[in-house]
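Protein sequences appear in the order of chains A and B. Count the first sequence with the numbering used here and you get residues 5 to 114, in order. Count the second sequence with the numbering used here and you get residues 10 to 123, in order.
Honestly, I wouldn't trust all of these hints.
Said to hold, decoys possible - Pairs of lysine-lysine residues, derived as DSS-like cross-links and limited to a Cα-Cα distance of at most 25 Å, are as follows:
#, chain 1, residue 1, chain 2, residue 2
1, A, Lys113, A, Lys71
2, B, Lys49, A, Lys106
3, A, Lys109, B, Lys45
4, A, Lys109, A, Lys99
5, A, Lys99, A, Lys74
6, B, Lys45, A, Lys99
7, B, Lys45, A, Lys106
8, A, Lys74, B, Lys49
9, B, Lys50, A, Lys40
For the record, the hints were derived by calculation from the structure and aren't laboratory data.
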Amino acid sequence: GEDVEQSLFLSVREGDSSVINCTYTDSSSTYLYWYKQEPGAGLQLLTYIFSNMDMKQDQRLTVLLNKKDKHLSLRIADTQTGDSAIYFCAESMGKGNLIFGKGTKLSVKP
Amino acid sequence: ETGVTQTPRHLVMGMTNKKSLKCEQHLGHNAMYWYKQSAKKPLELMFVYSLEERVENNSVPSRFSPECPNSSHLFLHLHTLQPEDSALYLCASSQFLAGTDTQYFGPGTRLTVL
Chain A
5 GEDVEQSLFL
15 SVREGDSSVI
25 NCTYTDSSST
35 YLYWYKQEPG
45 AGLQLLTYIF
55 SNMDMKQDQR
65 LTVLLNKKDK
75 HLSLRIADTQ
85 TGDSAIYFCA
95 ESMGKGNLIF
105 GKGTKLSVKP
Chain B
10 ETGVTQTPRH
20 LVMGMTNKKS
30 LKCEQHLGHN
40 AMYWYKQSAK
50 KPLELMFVYS
60 LEERVENNSV
70 PSRFSPECPN
80 SSHLFLHLHT
90 LQPEDSALYL
100 CASSQFLAGT
110 DTQYFGPGTR
120 LTVL
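Isolated chain A, as found in the complex (with noise of 0.2 Å):
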């Protein structure tokens, strides 16, 4: 069936790096993405990765795509406490249809 899971929760120290995981089911999946979600806002894109790619680099972000495994993983560099957020995995099923993942809660610590 169809189902992003995501570790809940992860807490590190200012100045580390962070990495979130998600695994997928549907690897028919083109497009995979990560979103963050801040205390009382909507979604907010941060990169997403095509299916047909290892790797993408945006600044302090790095996607990793494992396809043979069905996973994704996003590093955040240098982790600031501007960077407390749920982080969201989804896969794309076509049509607009995006299934989520529950949500990894980061905390960054001072």
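Please arrange chain B on chain A, whose structure you already have, making use of the hints.
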């Protein structure tokens, strides 16, 4: 600011009330979506509109009634809701309905049903 606005931001209603949620996108997109975000559950896609036609209804109870009068506006009409309908309702839009099209989200309406 993503270019997608939602009003009201907070809404408290009784089970017998009728209310409407409004979403407006200023991005020139052709597809709009309603999602429900409940605590400890993944985001649930409720409705999808493309060029003002509904193309997806994910088994949503009839007490939720969407309306898309034009490609910039989307409404969700609510009547005789249940307490379990309390959630954050998010609107999103994308250029088209292709799987490659990024969805941009509004800030959401926090709904509480008493």
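Verification of the supplied hints:
In summary, the hint linking A:Lys113 to A:Lys71 is not supported, as the alpha carbons are separated by about 33 Å, beyond the 25 Å threshold. Taking the CA atoms of B:Lys49 and A:Lys106, the gap is about 7 Å. The hint holds against a cut of 25 Å. With a C-alpha separation of about 19 Å, the suggested pair A:Lys109 and B:Lys45 falls inside the 25 Å cut-off, and the hint holds. Our distance criterion of 25 Å between C-alpha atoms is broken by A:Lys109 and A:Lys99, whose separation comes to about 28 Å.
For the hint pairing A:Lys99 with A:Lys74, the CA-to-CA distance comes to about 21 Å; that is within 25 Å, so the pair holds. Taken as a hint, the B:Lys45 and A:Lys99 pair is honoured in the structure, with Cα atoms around 18 Å apart against an allowance of 25 Å. Proximity of B:Lys45 to A:Lys106 is assessed by CA-CA distance (about 12 Å); at most 25 Å being required, the pair is judged to hold. For the hint linking A:Lys74 to B:Lys49, the alpha-carbon distance of about 23 Å falls within 25 Å, and the restraint holds.
For the proposed pair B:Lys50 and A:Lys40, the alpha carbon gap of about 16 Å is at most 25 Å, so the pair holds.
Of the numbered hints stated above, those contradicted by the structure are hints 1 and 4, listed in ascending order.
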